[in-house]
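*Asks:* Each chain, written out:
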Amino acid sequence: MESREQWGSRVGFILAAVGSAIGLGNIWRFPYTAYDNGGGAFFIPYLFALLTAGIPIMILELGIGQKSRGSAPLTFAKLNRKWEWVGWMQTFVSFVIAVYYVAIIGWAFSYAYFSINQAWGADLGAAEGFFYSYLGITGGQFELGGIQLGVLIPVVLAWIIIYAALAGGVKKGIELANKVFMPVLFILIIIMAIRGVTLEGASTGLNYLFQPDFSRIFDYKIWVAAYGQIFFSLSICFAIMITYSSYLPKKTDIVNNGFMVALINCGFSLLAGFAIFGVLGHMAFASGMGVEDVAAGGVGLAFVIFPIAINALPMSELFGVIFFISLVFAGLSSAISINEAVLSGFMDKFAVSRKKLVNIYCGIAFLVSLLFTTGAGLLILDVVDHFINNFGIVFGGLVEIILIAWLFNLDSIKNHINPMSDFKVGPWWSFMLKIVTPIVLGYMAIANLWGDLTTNYGDYTTTAIVTFGWVVVVATIVLGFVMQSVSWKDQEYLSGDAFDKQSGLGG
Amino acid sequence: MSGSAIVMMIFAMVVLWGGAAYCISVAMKKQVD
Chain A
-1 MESREQWGSR
9 VGFILAAVGS
19 AIGLGNIWRF
29 PYTAYDNGGG
39 AFFIPYLFAL
49 LTAGIPIMIL
59 ELGIGQKSRG
69 SAPLTFAKLN
79 RKWEWVGWMQ
89 TFVSFVIAVY
99 YVAIIGWAFS
109 YAYFSINQAW
119 GADLGAAEGF
129 FYSYLGITGG
139 QFELGGIQLG
149 VLIPVVLAWI
159 IIYAALAGGV
169 KKGIELANKV
179 FMPVLFILII
189 IMAIRGVTLE
199 GASTGLNYLF
209 QPDFSRIFDY
219 KIWVAAYGQI
229 FFSLSICFAI
239 MITYSSYLPK
249 KTDIVNNGFM
259 VALINCGFSL
269 LAGFAIFGVL
279 GHMAFASGMG
289 VEDVAAGGVG
299 LAFVIFPIAI
309 NALPMSELFG
319 VIFFISLVFA
329 GLSSAISINE
339 AVLSGFMDKF
349 AVSRKKLVNI
359 YCGIAFLVSL
369 LFTTGAGLLI
379 LDVVDHFINN
389 FGIVFGGLVE
399 IILIAWLFNL
409 DSIKNHINPM
419 SDFKVGPWWS
429 FMLKIVTPIV
439 LGYMAIANLW
449 GDLTTNYGDY
459 TTTAIVTFGW
469 VVVVATIVLG
479 FVMQSVSWKD
489 QEYLSGDAFD
499 KQSGLGG
Chain B
11 MSGSAIVMMI
21 FAMVVLWGGA
31 AYCISVAMKK
41 QVD
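Chains A and B, in that order, are what the protein sequence lines are. Start counting the first sequence at -1; every next residue gets the next number (our numbering). Start counting the second sequence at 11; every next residue gets the next number (our numbering).
If you're looking for bench data, these hints aren't it; they were derived computationally from the structure. What you were told as hints is all true, and nothing was included just to trick you.
Cβ-to-Cβ under 7 angstroms is the rule here; a few derived chain A residues that face chain B:
#, residue
1, LEU45
2, SER201
3, ASN205
4, PRO210
5, ASN254
Idealized CB from N, CA, C, for every residue including glycine.
Using the sequences and the hints given, assemble the complete structure.
*Replies:* The structure is reproduced here in structure tokens:
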């Protein structure tokens, strides 16, 4: 058994973990979610969700990963041999995300190039037509329409960067990449935020983002949206933070690391909010439209609305390049972590070196990701993304929290992390994990299940929903159990430091 | 911007970035010690 790789420094780990947490969603999901859920009033449930779910789970995952010094499957196997499938399920969820996430990075790469001459046209209709034409979009998920060269080339470029980071190892690959990406990304977002808030009409946009509508504070939907934003934003519950923390040294401050990663991630989202709503305010001002007419989130914001908003800016070419390069960097740092979570699981299970496995893994992942470079790529991505987020991550997280908080000795984890941490976790931490988090995740799981069983997501056909939604989610669970049934090549991986399981509720 | 929007903006900035800055300062102090 080879000794486990380790981060070069604490700063290196923090940058990598922050890089993982900060992704495309921080830029295109958070600002619109806040605006759409009560504006300034959203920050109250958002901060509450951060403190009651995001940070407690982050600390838990960092704690168990660092203690077990293993990937998610190995960590769950060490907690209880019958729980290994949960680690694998989360690992396969990561794999699914990895293969479509890289396509979006590819689009952002292309749009950074398109920014130079604003190839998307002059109005929203033209920008939408350009985006669909660039993707070569077809009429449905089963009409692939062939690989689109304009998408394939940047996707290959993204895979080369991801491969280089993974092949370089924890210290010389992942840490090094994040030491470059993160400072640059923060500089870019600060430039965009400053530019955003100093534009004419920006205050109108920012008013939409921050104006509190306290009448909605008792609306359960904004609380669900806040918890959802926190879960999907922090890279928790899908193997990543467990994997990253497994590369920490034996003595490290788990609690403060968890707080730093979570707070910096959310602080970044806030800066993105300044940039996005400042520019949208300016766009509304320049075009005579209302901010509510141009406010949007997700792919539509990034690749249709924002390009047109950029057109109206002074030095728009430069701002366009900055915006799309920041999407690329945010995406790449997350993609590296998502792929590392998968790679690490297989390295541990089959006791194979990174050098040997990285070529095979990246080769397979690249081939699967080709599906998202076809004309049906966006349509398939939309379904897969919806189901893997709403079911893969939510159910994976719910099972994880119930098993560890209720059937494992949570105190033994607390006793492990407290002596080496500046801030101590106490009864509040156990309460959040045992009561608050399962209730919220359980509600989200049931609500999502009910919603998707009663209505076809996005008005897609049932065949498409079943094939790219339900089958993919079920496959992550089935494959989890299949992998659990395969024996560990080197049993020594399962030995070593273990948590005290005896005094837990479930023994 | 309205007064309440400015208050919420400052509130969010102070909690998130103030909290992050405090945690970083604690980590840096430990490194110096």
